[in-house]
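Chains A, B and C, in that order, give the protein sequences.
The first sequence begins at 1 in this note's numbering and counts up by one.
The second sequence begins at 1001 in this note's numbering and counts up by one.
The third sequence begins at 2001 in this note's numbering and counts up by one.
Derived by calculation from the structure, the hints in this document are not laboratory data.
Nothing here was measured: the structure is a model prediction, and the numbers come from that model.
Note that the Cβ used here is the ideal one computed from N, Cα and C, for glycine as well.
One thing to keep in mind: the hints can contain errors.
[As the list claims (entries may be wrong)] Once the Cα atoms are required to be at most 25 Å apart in a straight line, the calculated BS3-like pairs of lysine-lysine come out as:
| hint | chain 1 | residue 1 | chain 2 | residue 2 |
| --- | --- | --- | --- | --- |
| 1 | C | Lys2034 | A | Lys424 |
| 2 | B | Lys1150 | A | Lys141 |
| 3 | B | Lys1093 | B | Lys1118 |
| 4 | B | Lys1118 | B | Lys1051 |
| 5 | B | Lys1165 | B | Lys1051 |
| 6 | A | Lys141 | C | Lys2034 |
| 7 | B | Lys1093 | C | Lys2034 |
[As the list claims (entries may be wrong)] Partner residues aside, some chain A positions facing chain C, computed with beta carbon under 8 Å:
| hint | residue |
| --- | --- |
| 8 | Leu171 |
| 9 | Ser174 |
| 10 | Ser221 |
| 11 | Arg222 |
| 12 | Thr225 |
| 13 | Thr235 |
| 14 | Tyr330 |
| 15 | Val418 |
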Amino acid sequence: MQLETSSGGAAPTGSPALRDRLHKAAIALLLLPATARAESTPANQVDFTALYYGEQGRTQVYEPVVRVTRLFGDGQFLSAQLAVDVITGASPSGALPTGTVQTITSASGRLRTVPAGAIPTANFQDRRFALDGDWHRPWGKLFSTTIGVHASRERDYQSLGVNGKITADLLQHSITLTAGGGYSDDSVFPLGGTPIGLSDGTAVSDQKNPKRVSVLLFGVSRVLTRRWMMSLDATRTAERGYLTEPYKVISLMEPFSGVPIAQVTDKRPSTRTRNSALLSSVYHLANDIAYTSYRYYWDTWGIQSSTLDVRYRHRLASDDWYLEPHLRFYRQSAADFFTAGLSSALAPPDFATSDYRLGQLATMTLGTTFGFRLGASPALWTVRAEYIRQAGDSSPPGALGVQRTFDLSPPINTFTMVIGTSFKF
Amino acid sequence: MSGKVVSTGVLLLLSLAAPALRGAAADPPLAAPFDLPTSTGHVVLDSLRTKVVLVDFWASWCAPCRQSFPWMSTMAERYGPRGLVVVAINLDKQRWQAERFLRELAPPFLVAFDPAGKTATAFDVRAMPSSYLINRSGQLVFAHRGFDPKDTNAFESRIAEEVLK
Amino acid sequence: MKRVLRLSLALALPLLAGGCATVRPWDRDLLAEKEMSFNPCPMLHAIDEHVYFSKEASMGGQDASGGGCGCN
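This is chain A alone, in the form it adopts within the complex:
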């Protein structure tokens, strides 16, 4: 029965020089005042990401984002982020195709020609700047708070918001409860003035249209086994104010032929309540990790959607190197007031939109992310490439006559690429 004591004797460390160093370090620790020993040195972190987004024949977006975080030793951090969105290209205007070449007046008043059968689009460009700040602080071992502020500005839109959340750990950190909220005071001031909804768009008013958004969220997450944790998050968002897309139009068709003869502007209700329930799972296999989530969404405009997202992080030989394929399936139903177009013979409804983003949609994403670290460099890199395919209802409600022969929502292919880097200093 052998017993090793901790005081001298056969030390497992071996070299006397090392023990001497340890001894000196111990004395040094003794001499330091207690408070200096207590604080871990703060560190700084920089995260940089850049997105390239390209819709085939449509919109292109470049978005660089830079974030600087000051990490205090006790888990507290303060961060600031700047994002710039540069958007160019064309987007469906909401107008319907004809069997012939069409001449369209775009929202800014210019005349454009559109080939026969093609979905008419409108050119646009914009630049958006967004500034975000966050402060996160743990309270004891069980609680934490996060407070955030947001400010963004583009040519025709401004947003100012605050948000906050609290987390609480229960059952020896097996369960985490989260409660949060946010409030945003936005302003919409369309280029060329605000058109009256469901009108020919000539009468505009030069005003700033307010839009106020409140968000409430609750979440529960649970460690289920040594390898598996799940969470359920519910959010409720209430929007009030100017919720219309001022540049979108709806075609007025001849009742039987379906040939578009005029356009009216888009008009949406001034309130919208949105709900979502998100169930997420993180499961650690032998070496890889599987992330799955399902979100169900519904709102007071009649839209319901389901999203299934799966990521599989396959860890490679070196630390911090990984390959993560990604699959996402999305389905949404059309808004109550979504219509392909309006019949010129009928009285206009209260609200109407032909914006394909509020119509029936199915989106599929296939992508992969590659993470790595170069040699002994402190920077972590990620490169992500994704292919997104989106298609809608080729013959949505409201399509009359010749419109029924057209594919009013042909599939759109999009390619995105993100490069990111992160390092502490």
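Given chain A, work out where chains B and C should sit, using these hints.
Structure of chains B and C alone, referenced to chain A:
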């Protein structure tokens, strides 16, 4: 006059009773016995009777455990000659991860291995790391969950107190 | 409303199962890895959310920040 007599009497009675009261309220339980392998043999808690033992449950993946090792080394060096034995019980499921950690930190105290967590269960470990102070009679007199540099002074006072007994 | 309640219960069931059983502190080796998080890459996730928010009608799920752009 009689008031003073009564109050003095009560005080006397209380001071006589106090040791008995203190003794009855604070009789710490014996620490759970263990017999665990080390890198060169075995460590048995019972054989450490008459020593003050600091038992610490740790694992290589636990960040505060890494922070606690230099402090435990200091305790071992400072109080070892006066009868303190530090036993750091490792709970890693994969031994090679613990050994990599030990190669890097090279602690001057005893390390034992409990991969199945049987001793951790016996000590009712609720957080990582967890430290337990056992007096010379084998009784568990102090327990601490987690590691926080702010708490080390109080912990060290407790160790010094037991070592000087 | 009933549909919402039934759906919520179905989704919450995996979380409620297991009662008060916890994973022991020394069994949390895998959970301690930094990738064991519901949002391991927050910057990339935010960009993703922005892309889909602009292309689709649905909104968020995990954040209380409104997003604040005139794109949906």
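Against the structure, the hints:
Note on Lys2034 (chain C) and Lys424 (chain A): the hinted pairing holds, with a Cα-Cα distance of about 15 Å set against a maximum of 25 Å. About 14 Å separates the Cα atoms of Lys1150 (chain B) and Lys141 (chain A), which keeps this hinted pair within 25 Å; it holds. A distance of roughly 13 Å separates the Cα atoms of Lys1093 (chain B) and Lys1118 (chain B); the hinted pair therefore holds under the 25 Å criterion. Restraint check: the Cα-Cα separation between Lys1118 (chain B) and Lys1051 (chain B) comes to about 23 Å, which is no more than 25 Å; the hinted pair holds.
For the hint linking Lys1165 (chain B) to Lys1051 (chain B), the alpha-carbon distance of about 10 Å falls within 25 Å, and the restraint holds. Using a Cα cut-off of 25 Å, the hinted pair Lys141 (chain A) and Lys2034 (chain C) holds, with the two alpha carbons roughly 18 Å apart. About 18 Å separates the Cα atoms of Lys1093 (chain B) and Lys2034 (chain C), which keeps this hinted pair within 25 Å; it holds. For the restraint placing Leu171 (chain A) at the interface with chain C, the shortest Cβ-Cβ distance is roughly 5 Å, inside the 8 Å limit, so the hint holds.
Residue-level restraint check for Ser174 (chain A) holds (minimum Cβ-Cβ distance to chain C is 4 Å; threshold 8 Å). This hint holds: Ser221 (chain A) has a C-beta 7 Å from the nearest C-beta of chain C, less than the 8 Å allowed. Using the Cβ-Cβ criterion of 8 Å, the hint placing Arg222 (chain A) at the interface with chain C is satisfied: the shortest such distance is roughly 5 Å. The interface hint given for Thr225 (chain A) holds, since its Cβ lies 6 Å from the closest Cβ of chain C, which is under the 8 Å cut-off.
Below 8 Å, beta-carbon pairs count as interface contacts, and Thr235 (chain A) has one with chain C at about 6 Å; its hint therefore holds. The criterion of a C-beta within 8 Å of any C-beta in chain C is met by Tyr330 (chain A), whose closest approach is roughly 6 Å, and the hint holds. Against a cut-off of 8 Å between C-beta atoms, the interface hint on Val418 (chain A) holds, since the closest Cβ of chain C lies about 6 Å away.
In this structure, none of the earlier numbered hints is contradicted; all agree with it.
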